[in-house]
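4 protein chains.
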Amino acid sequence: MSEKRKIAVVITARPSYSRVKTAIQAIKEHPKLELQLIIAASALLDRYGSAVNYIENDGFEIVAKVFNVLEGENLTAAAKTTGIGILELSTVFDNLKPDIVVTVADRFETMATAIAASYMNIPLAHIQGGEVTGNIDEKVRHAITKLADYHFVASDSALERVIKLGEETEFVFNTGCPSIDLAKEVEKASLDFNPYEKYGGVGAQPNLESGYLVVMQHPVTNEYQNSRKHIEETLHAIEELKIPTLWFWPNVDAGADGTSTGIRAFREKNKLEHVHFFKNMKGDDFLKLLNNSKCLIGNSSVGIRECAYLGVPVVNIGSRQNKRDRGFNVIDVNYNKEDIKEAIQKHLDTGKAQISEIYGGGNAGENIANLLVTLPLKFHKTITY
Amino acid sequence: MSEKRKIAVVITARPSYSRVKTAIQAIKEHPKLELQLIIAASALLDRYGSAVNYIENDGFEIVAKVFNVLEGENLTAAAKTTGIGILELSTVFDNLKPDIVVTVADRFETMATAIAASYMNIPLAHIQGGEVTGNIDEKVRHAITKLADYHFVASDSALERVIKLGEETEFVFNTGCPSIDLAKEVEKASLDFNPYEKYGGVGAQPNLESGYLVVMQHPVTNEYQNSRKHIEETLHAIEELKIPTLWFWPNVDAGADGTSTGIRAFREKNKLEHVHFFKNMKGDDFLKLLNNSKCLIGNSSVGIRECAYLGVPVVNIGSRQNKRDRGFNVIDVNYNKEDIKEAIQKHLDTGKAQISEIYGGGNAGENIANLLVTLPLKFHKTITY
Amino acid sequence: MSEKRKIAVVITARPSYSRVKTAIQAIKEHPKLELQLIIAASALLDRYGSAVNYIENDGFEIVAKVFNVLEGENLTAAAKTTGIGILELSTVFDNLKPDIVVTVADRFETMATAIAASYMNIPLAHIQGGEVTGNIDEKVRHAITKLADYHFVASDSALERVIKLGEETEFVFNTGCPSIDLAKEVEKASLDFNPYEKYGGVGAQPNLESGYLVVMQHPVTNEYQNSRKHIEETLHAIEELKIPTLWFWPNVDAGADGTSTGIRAFREKNKLEHVHFFKNMKGDDFLKLLNNSKCLIGNSSVGIRECAYLGVPVVNIGSRQNKRDRGFNVIDVNYNKEDIKEAIQKHLDTGKAQISEIYGGGNAGENIANLLVTLPLKFHKTITY
Amino acid sequence: MSEKRKIAVVITARPSYSRVKTAIQAIKEHPKLELQLIIAASALLDRYGSAVNYIENDGFEIVAKVFNVLEGENLTAAAKTTGIGILELSTVFDNLKPDIVVTVADRFETMATAIAASYMNIPLAHIQGGEVTGNIDEKVRHAITKLADYHFVASDSALERVIKLGEETEFVFNTGCPSIDLAKEVEKASLDFNPYEKYGGVGAQPNLESGYLVVMQHPVTNEYQNSRKHIEETLHAIEELKIPTLWFWPNVDAGADGTSTGIRAFREKNKLEHVHFFKNMKGDDFLKLLNNSKCLIGNSSVGIRECAYLGVPVVNIGSRQNKRDRGFNVIDVNYNKEDIKEAIQKHLDTGKAQISEIYGGGNAGENIANLLVTLPLKFHKTITY
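Chains as they are written, first to last, in my numbering: chain A, 1 to 385; chain B, 1001 to 1385; chain C, 2001 to 2385; chain D, 3001 to 3385.
Certain hints may be false.
30 Å max Cα-Cα, derived DSSO-like pairs, lysine-lysine [unchecked claim]:
(1) B:Lys1269 / C:Lys2269
(2) A:Lys229 / D:Lys3198
(3) D:Lys3229 / B:Lys1065
(4) B:Lys1198 / C:Lys2032
(5) B:Lys1229 / B:Lys1271
(6) B:Lys1006 / B:Lys1282
(7) C:Lys2184 / C:Lys2269
(8) C:Lys2032 / B:Lys1282
(9) C:Lys2279 / B:Lys1269
(10) D:Lys3229 / A:Lys65
(11) A:Lys65 / D:Lys3065
(12) C:Lys2032 / C:Lys2097
(13) A:Lys271 / D:Lys3271
Quick partial rundown of chain D residues pointing at chain C, CB under 10 Å, derived from the structure [stated by the list, open to error]:
(14) Lys3080
(15) Gly3085
(16) Leu3089
(17) Met3111
(18) Ile3115
(19) Val3140
(20) Lys3146
(21) Lys3184
(22) Pro3206
(23) Thr3261
(24) Ala3265
(25) Phe3379
The hints are simulated quantities; they were obtained by calculation from the structure and are not laboratory data. No residue lacks a Cβ here, since even glycine has one placed at the ideal position from N, Cα and C.
Taking the hints into account, I'd like the entire structure generated from these sequences.
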């Protein structure tokens, strides 16, 4: 039979998009696959950067939008957002009747995708299982592994870990991370656009020619009561360094408001004449920006993955990326102004790091699409031991 | 400090109650613990046997009832029931502020308990993880293990499996299964009540004095489209044997209606003059009934666990109990009238089986309560490898 | 512009279907309209007669199914069913982008349709507003009138009432009731099918040739704790009369289980050798059955409307149809065995009643479709006084 | 019996609080009443001014918090917020078992309170029905009237209107508006605090001694796509007038982000050296601020009610307060910079307006509490015509 397999991919947040962009591109282009792209949760919301706009601008057709973010400055809202997500996504899957559902990484609300699909006996593929971070994300990530039927992991250590979790070897694949595919595209690119003109944003517009820093720091679920204090250490460090800095707003999470509020309050009181703030940026532009920066500061996984491949120096703050495999580019520090400043200075002294392919060599999207064509459809499994 | 730890236990179905009854009894009686008993899902519903009535009659105070069963003869309803459960239970936990939440076994809707608690940073204890069955329950069971902070398992093989799943040894305990505690209480009891008088039910009232069979067969999630066909094999087998039989209606599940409808249709067309149907029975009476029966037929886990301890012969049909550890009392057969008849006959010929303590020796409830007092409160964990 | 107007019609229960069947037929056939048929709530459920099957067999294409019935033997479940309905229907409307949404009558869950549409600024048409019954349905009915933009009522007194409620005269229309259109089709038809063969059901199969009764009695929301007692009066009356009787199971409502349980329990204990029970029947067959019956007993609105047009004698029990306009065919009685028997006997003595066009003359469906083509699209209104 | 009546009051937004503050105070203090205060929706959220904090600071105990705001820049989110509200509030009512539920005014999410209570057969009291505004709020307001059992209205014309809607005269009362009670308390008060010091906020800190303006403009549901354009007219008018101005952020609504975004964007580009922005203010301080201001500009109902009693001049912009009864203090204008400027100037020339008691004389709270003690409990009603 020549009918195409229908592959539903659910994207729930801005950072997840770059985690799957080349995969959905490859699915879209594959003659034996039909892409059903679903955008949900904070990926739809203006105040978290409207990932949906970038996705549409990249030429992807969206078949369903699922609004499920329940407002509230607490963890209860995260639980309820997941509950609403299950209600909504099961309706969507009922209508679309996908052959396989793909869920990405480990944000709390991705559990809604995993539960809706697995409970409805739809084969579930999980991208980026098997990693270790040590926070609530980890509970979510490994629980999704136990609900998923196929595992497309991003490193050898992740592959090994998923197999140890009792998954059958023949359904676990180190495809590399699709985000590295994007990094590969820009590895030689210069900063060929004016970020202020193209992306607006607020704050000062420091001259970037003699080098600049990039900051991206998210609240950490387990520590959300300290979000404000944590961000203030970074804010003070950056203020004191007086180096041109491009700062990105955090994405949603319980406690997002602690981080956002901290930044907003700091801006009202301090000049920050060398700092510009962005809400969002197209993925490729962001990577160009990073690739040409002196250093990335914060706790984004971009620093661990893409920057490993690109050799961009990274100051990784706090516990959020704990235990993820590092390339050669990362200095880890605590929530402490002085430590942050010192680590940045060290990177500035040594410059670009050695390149690492620990998270893939740039063809993950294609690998994933090819697997989705050939894998046997199944939603029944048993632990291997 | 002398304040009691608040232990919220969520019971979502009739069979789960006997899985935790001695544990909640021990929690209730422990001077350092305060029981917060929450009844949800099918445990509240008349057409699944109103477990809630038995629970109240046993003297337990219920602090919250959560109606979350969404009607629908399909798997989508199971997913949505779970989503609604998360919405409701997170409100309940927000109000009760338990120190630890306890979730039982692996029914699909127990995932709601696990997600609400873990997302709200409430330490989560899981009873009966680590077992193997090979159906959707297994996805649920192991996913809950990855969300849970403490593991109270029921056998040595389960203990070993949970540890292999990457859980820290110091938080995994073979407490035995609380259902064995109940079995222990009746191990010498005769059938000291008239089941027809005490429990009503419908159908014939065969004389039980020269021996009787018990049937309890639930629909299987992965196979729900065949529920009706499967139950018909058993119905034909029982009809042809002409032995006095006590039959229990299935509890809710996607496909429950296939099984129930099958039984109802069969009854309209056939006499079944030696079969009586019950909706439910108090746990201890049910165990006495089993303990004095010639054989249990169906796919209930009671056959695997309690009957192992009691030595009651069991004909286990189909895949539902696949791979659970067996005592000495089980013959496994397919959905096939002839196989079922033959296995029953074999049991009738040999009589009671040898007793096995594979699922515990009768003090699980107490073990669990004691652990809940002493375990350090924590909701943060990381995989061990 | 020649583009068709998209008309979304939401059907939530078996009885609502006959209330709109000719309207959706006329919408479907109209060259300037596109029908978007949505089936929800108990209309999807087997144990309430699976209206959905009849609808599909009648050749209608269903564009969305919405499972939103929350199980529970209480009024809380009715409220929650409505809340879930809003969640689900707003997703459906978001996808379908109807130009007008049509909601039918006054069942509690129709409020979900009304709220989703009106909150989303979609013009809302309401069929069968303005009637008086005196129970919770009335709160719902008049509240929906205040949310609706167009009113298609079924009688002159209803028209007057909707205008008194402050609605603009130009948007209130006495179209007649679409159910009368169906009655018109069968007004000369004989009973040209064998109901036992065609519809199965359970119980005795009395000979219908020398006349029969029909019973259809639903639980009443405000009185749901007495549902069982109420139905028992009717059961005793019917049993004692010993006249061949065709009995229809009630549709869902808080308390449905009281009524259903009452019937089931009565059947187990009593012979009822002249009573047959049906779950459901195609609308036209049901009308033929009524048209050839001696008397309809219960509290169905069919007795008030269709039977007014057909002149079928009706014994209307209790408060459910309180204050609805009567034709010449109704005797009202209380929940009282003797009163019920006496009223039936009186009808048997006098035979068919005079025909009344109080609820329309048989072209309501067409009237409604024509209005949906020409009415100006608007969702903004203000009270007229 | 001497047991107290339990009165559940649900507050869903900042402005609703001042609408009921004296009523809940009077309920709390009444020896025959027990207050059950429930805070929900945007009243809980930081970015809409955290009404909850003011409520707690005023000494009220909150028995339940209900997070039900679904994020999304569209009307679908408003519908879903209402659906979630029903799910949550029905659980809350189930637990609290109030004798009467009180709902306030006409915000979209108050429908959730009305549906949960009326569907659960809990007597429902509605404060501030019967008014006319001509937008979606009006649909909501009158629909709630049809669900409510008791009506506490704020003016004679509202009383007349509710009776015309078919409500029984004996259950409709012109109690006056509780917000006037608060106005009465400050009618002679000077501005005895420094708003910048006490409430922070952002922007310039103009000298208020020689007079100042106050602005409060909310998005309008029916026009939400124009929210940004509308607010910009007001922003330009205020900028050009160069009079000291205190500006309050809008509360949540579909389209809130249009208004908020408009203000934020304007601030980034323009100096606004005479404008200060507040998020929120304690009700009595706000009234003092108004009472001592030259003019209130925007579309808040405070301008129509409290300011009528206080004689504060008001420029009312656009359709939001359409058709509400006016005192002597209001000039109505369109969304037009020049009209707004001209109306402000006219008010500045003539000064304070004549006082009007059209919305009550200052004892509404007490009136309401007294009625809640004596009204017969009932949830059954029928239309009067």
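Results for each hint:
About 19 Å separates the Cα atoms of lysine 1269 of chain B and lysine 2269 of chain C, which keeps this hinted pair within 30 Å; it holds. A hinted pair counts as satisfied when its Cα atoms are at most 30 Å apart, and lysine 229 of chain A with lysine 3198 of chain D qualifies at roughly 23 Å. A hinted pair counts as satisfied when its Cα atoms are at most 30 Å apart, and lysine 3229 of chain D with lysine 1065 of chain B does not qualify at roughly 49 Å. Between lysine 1198 of chain B and lysine 2032 of chain C the CA atoms are separated by roughly 65 Å; this puts the pair beyond 30 Å, and the hint is violated.
Simply put, lysine 1229 of chain B and lysine 1271 of chain B have alpha-carbon atoms about 19 Å apart, close enough for the 30 Å limit, and the pair holds. Using a Cα cut-off of 30 Å, the hinted pair lysine 1006 of chain B and lysine 1282 of chain B holds, with the two alpha carbons roughly 27 Å apart. Distance hint between lysine 2184 of chain C and lysine 2269 of chain C is unfulfilled; the C-alpha atoms sit about 41 Å from each other, more than 30 Å. Between lysine 2032 of chain C and lysine 1282 of chain B the alpha-carbon distance is near 62 Å, which puts this suggested pair outside the 30 Å criterion.
Restraint check: the Cα-Cα separation between lysine 2279 of chain C and lysine 1269 of chain B comes to about 17 Å, which is no more than 30 Å; the hinted pair holds. Taken as a hint, the lysine 3229 of chain D and lysine 65 of chain A pair is honoured in the structure, with Cα atoms around 27 Å apart against an allowance of 30 Å. For a cut-off of 30 Å, the pair hint linking lysine 65 of chain A to lysine 3065 of chain D stands: about 29 Å separates their Cα positions. For the hint pairing lysine 2032 of chain C with lysine 2097 of chain C, the CA-to-CA distance comes to about 16 Å; that is within 30 Å, so the pair holds.
Restraint check for lysine 271 of chain A and lysine 3271 of chain D: the C-alpha separation of about 16 Å stays at or below 30 Å, so the hint holds. The criterion of a C-beta within 10 Å of any C-beta in chain C is met by lysine 3080 of chain D, whose closest approach is roughly 5 Å, and the hint holds. With its C-beta approaching chain C no nearer than about 7 Å, glycine 3085 of chain D sits inside the 10 Å limit, and its interface hint holds. The criterion of a C-beta within 10 Å of any C-beta in chain C is met by leucine 3089 of chain D, whose closest approach is roughly 8 Å, and the hint holds.
Look at methionine 3111 of chain D: its Cβ gets to within about 6 Å of chain C, closer than 10 Å, so that hint holds up. Because the closest C-beta pair between isoleucine 3115 of chain D and chain C is about 6 Å apart, less than 10 Å, the hint holds. Hint status for valine 3140 of chain D relative to chain C: holds, with the closest Cβ pair at about 8 Å, below 10 Å. About 4 Å separates the beta-carbon of lysine 3146 of chain D from the nearest beta-carbon of chain C, less than 10 Å, and the hint is met.
Contact between lysine 3184 of chain D and chain C, as hinted, is not supported at the beta carbon level, the nearest pair being about 30 Å apart and thus beyond 10 Å. Against a cut-off of 10 Å between C-beta atoms, the interface hint on proline 3206 of chain D is violated, since the closest Cβ of chain C lies about 39 Å away. Interface hint at threonine 3261 of chain D: violated, since its Cβ lies 20 Å from the closest Cβ of chain C, which is beyond the 10 Å cut-off. About 25 Å separates the beta-carbon of alanine 3265 of chain D from the nearest beta-carbon of chain C, more than 10 Å, and the hint is not met.
Restraint check, phenylalanine 3379 of chain D versus chain C: the minimum CB separation of about 8 Å is within 10 Å; hint holds.
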